[in-house]
Amino acid sequence: MDYFKLKKQRKARYNLSIYLMIIIAYAVVMFLSYQGKISSLLGGLLVPFCTYSILAVSLNLVVGISGELSLGHAGFMCIGAFSSAVFTRYMKFLGVEGLYLFVIAIIIGAVTAGIAGILIGIPVLRLKGDYLAIVTLAFGEIIKNIANAIYLGFDENGAHISLKNTMDLGLTENGFVVIKGAQGITGTPHYSSFTAGVVLLLIVVTIILNLINSRTGRNIKALRDNLIAAESVGISATKYKLIAFTIASSMAGVAGVLYAHNLTTLTALPKNFGYNMSITILVFVVLGGMGRIRGSIIAAVILTLLPEMLRNLQDYRMLIYSIVLIIVMIFTSAPSMKQYMEVLKNKFPILNGLKSVKIKNENKEGK
Amino acid sequence: MDFLTYLVSGLSLGSIYAIIALGYTMVYGIAKMLNFAHGDVLMIGSYITFVFMSQLGIHPILSVILASISCTVIGIIIERIAYKPLRGANSLSVLITAIGVSYFLQNIALLIFGANTKSFKSIVTIPPLKLFNGNLIISSESIVTIALCIIIMLGLTTFINKTKMGQAMLAVSEDRSASTLMGINVNGTIAMTFAIGSFLAAIAGVLLCSTYPTLTPTTGAMPGIKAFVAAVIGGIGSIPGAFIGGLILGVLENMSKAYISAQLSDAIVFSVLIVMLLVKPSGILGKANIEKV
Numbered sequence: 000m001d002y003f004k005l006k007k008q009r010k011a012r013y014n015l016s017i018y019l020m021i022i023i024a025y026a027v028v029m030f031l032s033y034q035g036k037i038s039s040l041l042g043g044l045l046v047p048f049c050t051y052s053i054l055a056v057s058l059n060l061v062v063g064i065s066g067e068l069s070l071g072h073a074g075f076m077c078i079g080a081f082s083s084a085v086f087t088r089y090m091k092f093l094g095v096e097g098l099y100l101f102v103i104a105i106i107i108g109a110v111t112a113g114i115a116g117i118l119i120g121i122p123v124l125r126l127k128g129d130y131l132a133i134v135t136l137a138f139g140e141i142i143k144n145i146a147n148a149i150y151l152g153f154d155e156n157g158a159h160i161s162l163k164n165t166m167d168l169g170l171t172e173n174g175f176v177v178i179k180g181a182q183g184i185t186g187t188p189h190y191s192s193f194t195a196g197v198v199l200l201l202i203v204v205t206i207i208l209n210l211i212n213s214r215t216g217r218n219i220k221a222l223r224d225n226l227i228a229a230e231s232v233g234i235s236a237t238k239y240k241l242i243a244f245t246i247a248s249s250m251a252g253v254a255g256v257l258y259a260h261n262l263t264t265l266t267a268l269p270k271n272f273g274y275n276m277s278i279t280i281l282v283f284v285v286l287g288g289m290g291r292i293r294g295s296i297i298a299a300v301i302l303t304l305l306p307e308m309l310r311n312l313q314d315y316r317m318l319i320y321s322i323v324l325i326i327v328m329i330f331t332s333a334p335s336m337k338q339y340m341e342v343l344k345n346k347f348p349i350l351n352g353l354k355s356v357k358i359k360n361e362n363k364e365g366k
Numbered sequence: 000m001d002f003l004t005y006l007v008s009g010l011s012l013g014s015i016y017a018i019i020a021l022g023y024t025m026v027y028g029i030a031k032m033l034n035f036a037h038g039d040v041l042m043i044g045s046y047i048t049f050v051f052m053s054q055l056g057i058h059p060i061l062s063v064i065l066a067s068i069s070c071t072v073i074g075i076i077i078e079r080i081a082y083k084p085l086r087g088a089n090s091l092s093v094l095i096t097a098i099g100v101s102y103f104l105q106n107i108a109l110l111i112f113g114a115n116t117k118s119f120k121s122i123v124t125i126p127p128l129k130l131f132n133g134n135l136i137i138s139s140e141s142i143v144t145i146a147l148c149i150i151i152m153l154g155l156t157t158f159i160n161k162t163k164m165g166q167a168m169l170a171v172s173e174d175r176s177a178s179t180l181m182g183i184n185v186n187g188t189i190a191m192t193f194a195i196g197s198f199l200a201a202i203a204g205v206l207l208c209s210t211y212p213t214l215t216p217t218t219g220a221m222p223g224i225k226a227f228v229a230a231v232i233g234g235i236g237s238i239p240g241a242f243i244g245g246l247i248l249g250v251l252e253n254m255s256k257a258y259i260s261a262q263l264s265d266a267i268v269f270s271v272l273i274v275m276l277l278v279k280p281s282g283i284l285g286k287a288n289i290e291k292v
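Chains as they are written, first to last, in numbering that gives the first Met the number 0: chain X, 0 to 366; chain Y, 0 to 292.
Just so you know, these hints were derived from the structure itself, not from any lab.
Beta carbons are placed, not taken as given, at the ideal position from N, Cα and C, and that holds for glycine.
A couple of the hints might just be wrong.
To be verified - Chain X stretches covered by chain Y per the calculated footprint, using a threshold of three residues with CB under 8 Å from any CB of chain Y:
hint, segment
1, 60 to 71
2, 131 to 139
3, 144 to 151
4, 274 to 284
5, 312 to 318
As the list claims (entries may be wrong) - Here are the simulated distance ranges between beta carbons:
hint, chain 1, residue 1, chain 2, residue 2, range
6, X, K163, Y, K120, 30 to 38 Å
7, Y, S176, X, E230, 18 to 26 Å
8, Y, T116, X, L305, 27 to 35 Å
One chain only, chain Y, in its complex shape (with noise of 0.2 Å):
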């Protein structure tokens, strides 16, 4: 039974990674750039729901709604002022504005809510589910969890291939001066592609810190790298990839918090990533590009 209870909640961590993996590929396939701040935008949005949820008392649900707008404000902000005036630049430059804005978010946070953690309370309030005569508990938390991130895959693979927006995505992310010649408004849907992963970003905070309760300005890096690494294991640029990628990630990563050392988790998942690299660097569902001269 253990086992079982390890992989439930080793799956809905990895649920949390692939919300947030999902982000990542979504910029990555479309904007070509690998946003470092993107973890950041999840500890924002966590923050948000806290100040709306605990300290000014308003609804739970309505919080985490008040704090992924305000979150897709902040990545359409961000993505205007910091990444906007570099496009066409070297990947180079591109990724050390990244971090620059990474660090930014980190330190107004510690700025603005100070050092220390705040325990954030659980938004999911229905009871946990009790199976095989009470053997195995399986938190609300890892349930709704679970169940969210379905609902945000599919909903996201139906808005890319049904709707006008989303084959405009796919279009940019092919070949980007090809579709600008074909009328779409490449910097639009770049737009929107930063406003749909900070919107997904707070969400997946929200998740994390509910299972997690605490809350730190770097609570975000993290779980942001380790999606990363998700979204590289699944296939960079594919979302069924981040899914599977997160998955993998999250349970690989509480299976070996649980046999073989807590403290070398990271370091385990980290070297899946390397020898991923090695074996089959375009992740499992990605597609080998050949470049062409």
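Chain X with its partners taken away, still in its complex shape (with noise of 0.2 Å):
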């Protein structure tokens, strides 16, 4: 009994320094920011902070949580800050303006990356193996071709789409172009603050946790675990893989719209929505330790935060993630070098601190 009292007080010490550590990162740079110590470079990053810590807590229920490999994640985020830049950018064009559309556009990206979730999820998580790292990068490029290719555009007579080019669309004369194709949404409102991003981090946090630790997400880690034996006394492996396919998704979704509400213009690009970006956030997972939630958010705040300060590095900067994605995964999955870490265990008991660093899915020798 001791032991399960001890496990979970640990956990609820894990939690609430998660909570703390945001909390207090945010404290900090609200003082800073009402004292006009933080430098402009720093105040442009603060939103793409809170960004790529959900993208990356999000990617982790998907990696870490669930042990299925995404390459599409990008591909949601796209979904969602199309969708809800159309809705604002329609709104501001109408005339409404205000922080309550930013509410609801958060709720647009969720649900519209969501529902791309089940469509996706449904086929390929019925497959085993590789699949679904094929079919999510797959994914993104076919959201990122269509968001460059697509027109879009309003007026009485309802919505138009064309693939060709604006004239194609027959708008009347009170018509007005949302997505001008290759160009994207220009002039979207610039509703995403620093305080918007930490409290949409808290909410996806706190949802993040509370699966985890319930009953659904302890079926979602025995599947990952050992699929054979977590089907055989009962859990349904496509249904609980999807729930948590399903949630990051529309979870890269918010993402997206706190995305695109910070910038003017939302263009598809390769560099924002395209593999790179699926990459980047797989990085930051994968550096930050595979579910573990505040490793996530920790190494998204300094992978973005290095490259900026490293000007010079710039160049150098995918490279040296590249070798250091090699060199992580070589280290903490590679059997020979797992042996090797428990001979040093055993004559240098202090290393015993790294095993809560070590990744969780080590039986997976059948999947």
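Please assemble the complex out of the two chains, which come individually in their own frames, going by the hints.
Encoded structure:
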């Protein structure tokens, strides 16, 4: 009994530490900005910190907790960004502005990205192996392509969609083009702020922590650790993996909303919604520790900040990321490395502290 | 006649996909891993050919051979350093490592050769073929590509079925531990698979860049992913499957570019993958896997 009590306490302490970390960071930033000590460079990074943290935490739900690899996280972000920006931009055209629209936009972004997650998840999560990785990658590219090719306008007859050009929309005189193909959406209202980002991050973290420690979360983790054993005790693999995947997708959509309303123009470039972005988020998750929520946030913040601080290293950034990715994977997952670490730990008991950093899903031989 | 022109160029593009897909499908069948870096080995091969041919002035054919050999070595080195330590680890870690390798290759190429586009001179010098009084012109690149693809297909099938090494590959893909008991050098066989895959990638890279003469560090990424899609459509692990899948994908891509929308052609190609996975996840020629507990 004591063991479970202890475990519960540790969990509660870990969860509390995440909340405290975010709130203290927020308080410090607010205090500094009140004193006027935040440089414009750092000030411009505050909302991206929140965006990337939300993305990293939500991808961690798929990669770390559910044990599936999704390479299309940026695609879901793109859906959230575009669907919400269409709404707020059109409202702005109609002359309606206000922060309550941002709340509606967030709901729109979360719901559309979540629906996309279900649509992608249902066919793919039935398959085993690396299919989810390749299909989500393909999906991300499809979304980026469509976002680049689509023209969308509104007039009194309703919405008009075209894949050719603005003229093809056939709008009346009072019509208004929202998405202009590769030029994207221009003039999105600037609703995102650091406070909004932190509130969203706290909500996302709360949802994920509660999910992980619930019955559903334990089922998801059981499926990750041993699919066959978990299925044999009656846990539906598709259902629970789909739950994790959909929640993660809709959270990526929320991050997209935050991203879209932080910029004045929204275009789907490979840089922001492409494969590169998905990989960058994956790097945050892997370096922060798979399955570790706190680690994801810290990694997202540090790895967003570092390249800006070390401008000369800009060219080498992705090279260093890739090398670190390979080295981390070999050191944490290679069977021979694991044996070696065991030997080291027996010799130097102090190293046992490293255990918590290790990736949780070790016994996945059969997967 | 337009239709025929698109068909031929589609078949040519499809042949390139097929050659890349062969590397994917062999590695997937034997090492049971998705080698994300395959498309980037292709890009490295094209750069090496470019350096030999355009900057050192070596004969095109000789440069291609040299590039293929270098790529073979690179493939073996990648396997030895990055993938071999992870044998027996869970598939997620292997996949992430492969992505790391892919990014590493892209960024190395970016640092060495720079981000600006290199214009690749075609290695094929024979004149194009004119049919129907010049109404249908088949470019010489298409002819060479399709011919080479068929030769490679036949050669590889013979290699797998007639040689000891090929039989060892089949055995390893069937059951790794049983083939170890039979005295097959599993590590050697897997290294050999990577060597063949990378060799083919270099050839595909040269053919790709001869047809579409632009070379950037990300040249290999998209064709690599599409070739994997081709391998999945054809049935992963099957060599004729990779061939069929590649051709289907190439023709489909060119047709949708010509008749539907150039911007959406990638989206259409990837939608086919999703539909295929829904209808027949094992692919056209793939064997359905029976899960044993």
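Cross-check of the supplied hints:
Counting residues of the segment 60 to 71 of chain X whose C-beta sits closer than 8 Å to any C-beta of chain Y gives 5, which meets the bar of three, so the coverage hint holds. With 6 residues bearing a CB less than 8 Å from a CB of chain Y, the segment 131 to 139 of chain X meets the requirement of three and the coverage assertion stands. Residues of the segment 144 to 151 of chain X lying with their CB closer than 8 Å to a CB of chain Y number 4, which satisfies the three-residue condition for coverage. Evaluation of the coverage hint for the segment 274 to 284 of chain X: fulfilled, as 3 residues show C-beta separations to chain Y shorter than 8 Å, against a requirement of three.
Three residues within the 8 Å Cβ limit are the bar, and the segment 312 to 318 of chain X against chain Y gives 4, so the coverage statement holds. Checked against the hint of 30 to 38 Å, the C-beta distance between K163 of chain X and K120 of chain Y comes to roughly 36 Å, which is consistent with it. Checked against the given bound of 18 to 26 Å, the beta carbons of S176 of chain Y and E230 of chain X, roughly 24 Å apart, stay inside it. For the pair T116 of chain Y and L305 of chain X, the beta carbons lie near 30 Å from each other, so the given range of 27 to 35 Å is met.
In terms of the numbered hints stated before, the structure departs from none.
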